[in-house]
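J.: Now for the letters of each chain:
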Amino acid sequence: MPAREGIYGLLAEFETPGDLVRAARQSYQDGWRRLDCYTPFPLEEAAEAIGFHRDKVPLLCLLGGLLGGAAMFGLETWISVIAFPINVAGRPTYSWPAFIVPAYEWTILWAGLSAAFGMLALCGLPSLYHPLFNAPNFRDGATTDKFFLCLEALDPKFDVAEARAYLETMGPVSVVEVEY
Amino acid sequence: MAYDAHGKGLPADLGAPAFVDGWRNRAILVGLIFSAIAVVLAFMGQSLDPEHLGWDHFLRAWVLGLMLTFGFAVGGQALLMVQYCSGGKYGLLLRRPLEAMSGTLLLVVLYWLVPVIFMRRLYLWAKFSDAEAAFKAGLITQMQEHCIEFKRPMLNPADYIWVSLVCFAIWAYYAWRLNALSLKRDAEGSERTPYWIKKFENISGIGIVIYALTMTAVSIYWVMSMDVTWFSTVYGLLYLVEQGFQVLAFAIIVAIALSKAEPFKTLLRQREQHDLGKLAFAFVMLNIYLNFGQFLIIWSGNLPNEINWYLDRIRGHWGVIITLDFIFHWLVPFTMLLSRDIKRNKKRLTRVCQFMVFAVAFNQFWLIEPNFKDAARNLHFSWGILEYAAVPVAMTAFWVAYFCIKLRSRPLVQVNDPHLKEILEPEHAHA
Numbered sequence: 000m001p002a003r004e005g006i007y008g009l010l011a012e013f014e015t016p017g018d019l020v021r022a023a024r025q026s027y028q029d030g031w032r033r034l035d036c037y038t039p040f041p042l043e044e045a046a047e048a049i050g051f052h053r054d055k056v057p058l059l060c061l062l063g064g065l066l067g068g069a070a071m072f073g074l075e076t077w078i079s080v081i082a083f084p085i086n087v088a089g090r091p092t093y094s095w096p097a098f099i100v101p102a103y104e105w106t107i108l109w110a111g112l113s114a115a116f117g118m119l120a121l122c123g124l125p126s127l128y129h130p131l132f133n134a135p136n137f138r139d140g141a142t143t144d145k146f147f148l149c150l151e152a153l154d155p156k157f158d159v160a161e162a163r164a165y166l167e168t169m170g171p172v173s174v175v176e177v178e179y
Numbered sequence: 000m001a002y003d004a005h006g007k008g009l010p011a012d013l014g015a016p017a018f019v020d021g022w023r024n025r026a027i028l029v030g031l032i033f034s035a036i037a038v039v040l041a042f043m044g045q046s047l048d049p050e051h052l053g054w055d056h057f058l059r060a061w062v063l064g065l066m067l068t069f070g071f072a073v074g075g076q077a078l079l080m081v082q083y084c085s086g087g088k089y090g091l092l093l094r095r096p097l098e099a100m101s102g103t104l105l106l107v108v109l110y111w112l113v114p115v116i117f118m119r120r121l122y123l124w125a126k127f128s129d130a131e132a133a134f135k136a137g138l139i140t141q142m143q144e145h146c147i148e149f150k151r152p153m154l155n156p157a158d159y160i161w162v163s164l165v166c167f168a169i170w171a172y173y174a175w176r177l178n179a180l181s182l183k184r185d186a187e188g189s190e191r192t193p194y195w196i197k198k199f200e201n202i203s204g205i206g207i208v209i210y211a212l213t214m215t216a217v218s219i220y221w222v223m224s225m226d227v228t229w230f231s232t233v234y235g236l237l238y239l240v241e242q243g244f245q246v247l248a249f250a251i252i253v254a255i256a257l258s259k260a261e262p263f264k265t266l267l268r269q270r271e272q273h274d275l276g277k278l279a280f281a282f283v284m285l286n287i288y289l290n291f292g293q294f295l296i297i298w299s300g301n302l303p304n305e306i307n308w309y310l311d312r313i314r315g316h317w318g319v320i321i322t323l324d325f326i327f328h329w330l331v332p333f334t335m336l337l338s339r340d341i342k343r344n345k346k347r348l349t350r351v352c353q354f355m356v357f358a359v360a361f362n363q364f365w366l367i368e369p370n371f372k373d374a375a376r377n378l379h380f381s382w383g384i385l386e387y388a389a390v391p392v393a394m395t396a397f398w399v400a401y402f403c404i405k406l407r408s409r410p411l412v413q414v415n416d417p418h419l420k421e422i423l424e425p426e427h428a429h430a
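In order, the protein sequences belong to chains A and B. Okay, so the first sequence: first residue is 0 according to numbering that gives the first Met the number 0, each after it adds one. Okay, so the second sequence: first residue is 0 according to numbering that gives the first Met the number 0, each after it adds one.
Chain A extracted, bound-state conformation (with noise of 0.2 Å):
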């Protein structure tokens, strides 16, 4: 991928999650599309009002789950019945009862562990640069009191001068422009 020159996008910052919110959502509403909300705990209605869709992290955590259990089932199974029989006072060596512990087990453990990588590799993480940190007010408040809506450039909507101006409307703290 070539080097990205210009500008990435326009970034306003709001003092209440519901002023972000719904400026979100007036702009979703008159047609921008390539926009994104930033903020310090999970927002679900910003997800919401930006036109978020389902993503695949269910179903990773799902699969990780049932293959998680499948496995350990499968090796208790294997050692017991083929590997390394045992009579275990008269029981039969196939002894489900005692499977499911260890199986269940690691059905959590691989569903959480495929939840939380799955998510972060969805999110294209681990990323060493992102534009949006050379915006001063965004590096220091966006994991503690403040909230921003970044419009793209993307969008093919996307003119500096329209865009700002459309921000300004909504009432933010400060509009800044960032560079890639």
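Hints listed in this document are in silico derivations from the structure and should not be mistaken for laboratory results. Among these hints, one or two may not hold up.
Claimed, not checked - The following label-pair restraints were derived from C-beta to C-beta distances:
| no. | chain 1 | residue 1 | chain 2 | residue 2 | range |
| --- | --- | --- | --- | --- | --- |
| 1 | A | Pro135 | B | Thr265 | 40 to 48 Å |
| 2 | A | Ala120 | B | Tyr288 | 29 to 37 Å |
| 3 | A | Met118 | B | Lys150 | 52 to 60 Å |
| 4 | A | Leu108 | B | Thr265 | 27 to 35 Å |
| 5 | B | Phe230 | A | Ala120 | 48 to 56 Å |
| 6 | A | Ala120 | B | Asp185 | 51 to 59 Å |
| 7 | B | Leu9 | A | Leu108 | 41 to 49 Å |
Stated by the list, open to error - DSS-like, lysine-lysine: derived pairs with alpha carbons at most 30 Å apart:
| no. | chain 1 | residue 1 | chain 2 | residue 2 |
| --- | --- | --- | --- | --- |
| 8 | B | Lys150 | A | Lys55 |
| 9 | B | Lys264 | B | Lys150 |
| 10 | B | Lys88 | A | Lys145 |
| 11 | A | Lys55 | B | Lys346 |
| 12 | B | Lys88 | B | Lys135 |
| 13 | B | Lys259 | B | Lys420 |
It should be emphasised that the depicted structure is a prediction, and the values quoted were computed from it without experimental measurement. We put the CB at the ideal spot given by N, CA and C, even for glycine.
Starting from the known structure of chain A, arrange chain B on it as the hints suggest.
T.: Positioned in the frame of chain A, the structure of chain B alone reads:
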């Protein structure tokens, strides 16, 4: 930006909507119909079945109905106390439905009188005051004879009655106190709220401990002692979790049904409904955890005085029932409640919760019926066994009617709850 001022107000009338009376009438009707069916089935079972156990089945099914309504009444009180100790928004939503549940204890006491009167038909230890003679006459096994004699100091009619009465007295005291103080709190201003929060916390903390003890005692006397030979130390906890399971499911059904009209229309936001669904999911997991834990330990031990209880409930086609029980009680609620969409959808969450209440009754059937000689390791059709579908429905229906009366008797919202302000804020999605 005047965003925060968008908060909605509450309607002037905070009472339960009038359609609750409609529920009451419908419940009474269902109760009457199923009572008639139950009586007919008892006569049919008595005359048509080869074992002639129609009325015995009626009594066993009655115990199921007793455990179910007892679970709602006393479990509701327990969840109320848990909420007082844990705090949280769901208290504002569920407090009045839970109080209404806890206020129905009187009906449970009346229901309990039936097994007291017919004790000898339900409990071997009550039937045979001379266990040795019963063994010699071939009526019971040597193991049963030994257990009846050995457990006599605990399992005898007098103890059964006074222990139950003491437990009822304790629950009645707590139900009365929690309900009365709650109204008193309503009458005072919000500046007194911190005092009341502390007060309820202090009452409830010790109350939960006492509930766990009394509940264990009663579940042992009423159900576990039907099989004199068996014991499990986790038995009380199983019932405790079961009650949390059924109470939460029922409370969600009620809250969603109430949300057709004010004040719950405003109060029950999607977010809180989602949270309640998650809490129900936790009970689903806890329930299978304890049930499977008990099974795994007894299966591993494989001791003759323990394993028979499970063999009675697995062999002779009972395996079908326990498999279905696993599916109804865990697999279905688990997979359904995993879904975020179902938890946020009123209609679907109601369906899941209704299914959960059914699953509790189904599980009780598996616990109760195989205690008896004619049914252990021998699941078979008889007219009498259909009582399990008639008697508990009738008893629960009458209980629901009583619950509706209690629900109508006080405002549905406690206006000095500190969470009220937050819950009245519109969700951002509606801003």
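J.: Each hint: holds or not?
T.: Verification of the hints:
1. A/Pro135 <-> B/Thr265: 40 to 48 Å: Since the Cβ atoms of A/Pro135 and B/Thr265 sit about 42 Å apart, the hinted range of 40 to 48 Å holds.
2. A/Ala120 <-> B/Tyr288: 29 to 37 Å: 32 Å, holds
3. A/Met118 <-> B/Lys150: 52 to 60 Å: Holds: the Cβ-Cβ distance is about 56 Å, inside 52 to 60 Å.
4. A/Leu108 <-> B/Thr265: 27 to 35 Å: 42 Å, violated
5. B/Phe230 <-> A/Ala120: 48 to 56 Å: 52 Å, holds
6. A/Ala120 <-> B/Asp185: 51 to 59 Å: 53 Å, holds
7. B/Leu9 <-> A/Leu108: 41 to 49 Å: Taking Cβ atoms as reference, B/Leu9 and A/Leu108 lie about 46 Å apart, which means the hint holds.
8. B/Lys150 <-> A/Lys55: 58 Å, violated
9. B/Lys264 <-> B/Lys150: Cα-Cα ~54 Å, so violated.
10. B/Lys88 <-> A/Lys145: OK: B/Lys88 and A/Lys145 at ~26 Å, within 30 Å.
11. A/Lys55 <-> B/Lys346: The hint holds at about 26 Å.
12. B/Lys88 <-> B/Lys135: Violated, because 61 Å separates the two Cα atoms, which is more than 30 Å.
13. B/Lys259 <-> B/Lys420: 21 Å, holds
Of the numbered hints given earlier, the model fails hints 4, 8, 9 and 12; all others are met.
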